[in-house]
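> Here the protein sequences come in this chain order: A and B. Numbering of the first sequence is given in the numbering used here, commencing with residue 9 and proceeding in unit increments. Numbering of the second sequence is given in the numbering used here, commencing with residue 4 and proceeding in unit increments.
Read the hints as simulated data drawn from the structure, not as lab findings. Remember, it's a predicted structure, so these values are computed and weren't measured experimentally. Incorrect hints may have been included.
Cβ-Cβ distance ranges computed for the label pairs, FRET-style [to be verified]:
no. : chain 1 : residue 1 : chain 2 : residue 2 : range
1   : A       : D123      : B       : I23       : 29 to 35 Å
2   : A       : T26       : B       : I45       : 26 to 32 Å
3   : A       : S47       : B       : R213      : 37 to 43 Å
4   : A       : D78       : B       : R213      : 23 to 29 Å
5   : B       : R213      : A       : G38       : 50 to 56 Å
6   : A       : D130      : B       : T65       : 53 to 59 Å
Each residue gets a CB set at the ideal place from its N, CA and C atoms; glycine is no exception.
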Amino acid sequence: MSAVVRLSDVHKRFGAVTVLNGVSFEVGRGEVAAVIGQSGSGKSTALRCIDALERIEQGTIEVCGHAVHDPKLDRRALRCDVGIVFQSYNLFPHLTAEQNIMLAPTCVKSLSKADARTLARDVLARVGLAEKADHYPEQLSGGQQQRVAIARSLAMQPKLMLFDEVTSALDPQLTGEVLKVMEDLARGGMTMILVTHEMSFARKVASKIIYMHKGTVWETGPGAIIDAPQTLELRKFVGGEM
Amino acid sequence: MPTFTLVHLEYLSWAALWTIGLSVIAFIGGGILGFGVAMARIAPSRVLRTAAMVYIQLVQGTPLLILLFLIYFGVAILGFNQVPAILAASLGLTIYASGFLAEIWRGCIQSVPKTQWEAAECLALTRWQRMTRVILPQAIRIATPPTVGFMVQIVKNTSLASVVGFIELAQAGKIINTSIYEPFTIFVIVAIFYFLICFPLSTWSRSLERKLNVSGR
Numbered sequence: 009m010s011a012v013v014r015l016s017d018v019h020k021r022f023g024a025v026t027v028l029n030g031v032s033f034e035v036g037r038g039e040v041a042a043v044i045g046q047s048g049s050g051k052s053t054a055l056r057c058i059d060a061l062e063r064i065e066q067g068t069i070e071v072c073g074h075a076v077h078d079p080k081l082d083r084r085a086l087r088c089d090v091g092i093v094f095q096s097y098n099l100f101p102h103l104t105a106e107q108n109i110m111l112a113p114t115c116v117k118s119l120s121k122a123d124a125r126t127l128a129r130d131v132l133a134r135v136g137l138a139e140k141a142d143h144y145p146e147q148l149s150g151g152q153q154q155r156v157a158i159a160r161s162l163a164m165q166p167k168l169m170l171f172d173e174v175t176s177a178l179d180p181q182l183t184g185e186v187l188k189v190m191e192d193l194a195r196g197g198m199t200m201i202l203v204t205h206e207m208s209f210a211r212k213v214a215s216k217i218i219y220m221h222k223g224t225v226w227e228t229g230p231g232a233i234i235d236a237p238q239t240l241e242l243r244k245f246v247g248g249e250m
Numbered sequence: 004m005p006t007f008t009l010v011h012l013e014y015l016s017w018a019a020l021w022t023i024g025l026s027v028i029a030f031i032g033g034g035i036l037g038f039g040v041a042m043a044r045i046a047p048s049r050v051l052r053t054a055a056m057v058y059i060q061l062v063q064g065t066p067l068l069i070l071l072f073l074i075y076f077g078v079a080i081l082g083f084n085q086v087p088a089i090l091a092a093s094l095g096l097t098i099y100a101s102g103f104l105a106e107i108w109r110g111c112i113q114s115v116p117k118t119q120w121e122a123a124e125c126l127a128l129t130r131w132q133r134m135t136r137v138i139l140p141q142a143i144r145i146a147t148p149p150t151v152g153f154m155v156q157i158v159k160n161t162s163l164a165s166v167v168g169f170i171e172l173a174q175a176g177k178i179i180n181t182s183i184y185e186p187f188t189i190f191v192i193v194a195i196f197y198f199l200i201c202f203p204l205s206t207w208s209r210s211l212e213r214k215l216n217v218s219g220r
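Make a model of the complete structure from these sequences and hints.
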């Protein structure tokens, strides 16, 4: 299986604090990787590095054929291949759900308004919000906003989707509706990397668990490692979480 | 001794129109120039940012009166014929307004959350698209009340254009005063004119501010 994402020996510091201390992992096409770990273990930073939102000091990152560590990286080309969804949704408040989704396809891919609208209706239907197309973000619940954000990313037809703690700001019921959308995506064959605290979801959906601890990949394996951790740290972490 | 008559009132009304006209010119000119400076102030290029900052500091640190003198007399020294009063006044007020509007607008643009920039960046929008499609529409809402508020300052400061011989409201008052010498009556009436121009603007600014706070968007 060809790797869509390959990190090797990635180092990242914020001032004097080393956040990533030699992170290496691979994610293959169609794989769903769940990155878990305590707050401050560097999992969100690792995800942001994959989308070139943070510059790394050392190591290499290859994503869909782009050398992300290269200073000459074409960021816009990378972002056409990679979609990212944030914890705080980050929808554009002055645009309706549909306009939020239409913006990038019309600006970046030069789609006509009509085609973009059809596309928007299509992806909104995929996240179960076809009837909310004309709503502004403030008129939607947190879970609905997050699903619109997922739809907005999907509209760019990315080869890889990144999810940065997308359910952390939601209550359990709203979390459920967002996780369902992500599960559908995973079943549809989307390559996904998710930073999450939802252990049961990770075990159910992820084909690969990446447990990060102190800025390194501490333990990695299939979903089953959550039930049978090899390291003391993961055992403690899973025990504390569940 | 003649007294204040309708003829004088008519003269003042005519001068008030010049005050309004000069304000409009200063606002439009200052707006265009100020927008450019605000963009430069947040540009990725350090040189542009510094240049814009120096410009803003210079304009904000120079009294408008001196700015007007510099333009009126300075251009003549450079070998050109004396600048017409309207041109000197318009140019001076345009520069003055641009220095302040640039800084007001920079603040408004930067008050749009960074996460909005990031979200737009992650959708592969160019810097210009991010600015025009995502950031500016949000910044304009924030910027409207302080901008309208600043228009009041522009209106009042057009009175300084009298020093280069431009006949606007304040200068018209002075001219009438030299003929009938009733300073109190005349300048109370001049003040009322200014108030009538400025009051609707301040009211508008306040109502915009209220609306913005209520909607929260």
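> Next step is simple, just say for each hint if it's right about the structure.
How the hints compare with the structure:
1. A hinted range of 29 to 35 Å for the beta carbons of D123 of chain A and I23 of chain B is inconsistent with their spacing of about 48 Å.
2. Under the hint 26 to 32 Å, the C-beta atoms of T26 of chain A and I45 of chain B, about 31 Å apart, fit the expected range.
3. Distance hint for S47 of chain A and R213 of chain B: a CB-CB separation of about 40 Å, consistent with the stated range 37 to 43 Å.
4. The hinted window of 23 to 29 Å between D78 of chain A and R213 of chain B is violated, with their beta carbons roughly 51 Å apart.
5. In this structure the supplied range 50 to 56 Å holds for R213 of chain B paired with G38 of chain A, their Cβ-Cβ distance being about 54 Å.
6. Between D130 of chain A and T65 of chain B the beta carbons are some 58 Å apart, a value that agrees with the proposed interval 53 to 59 Å.
Checked against the numbered hints above, the structure breaks hints 1, 4 and satisfies the rest.
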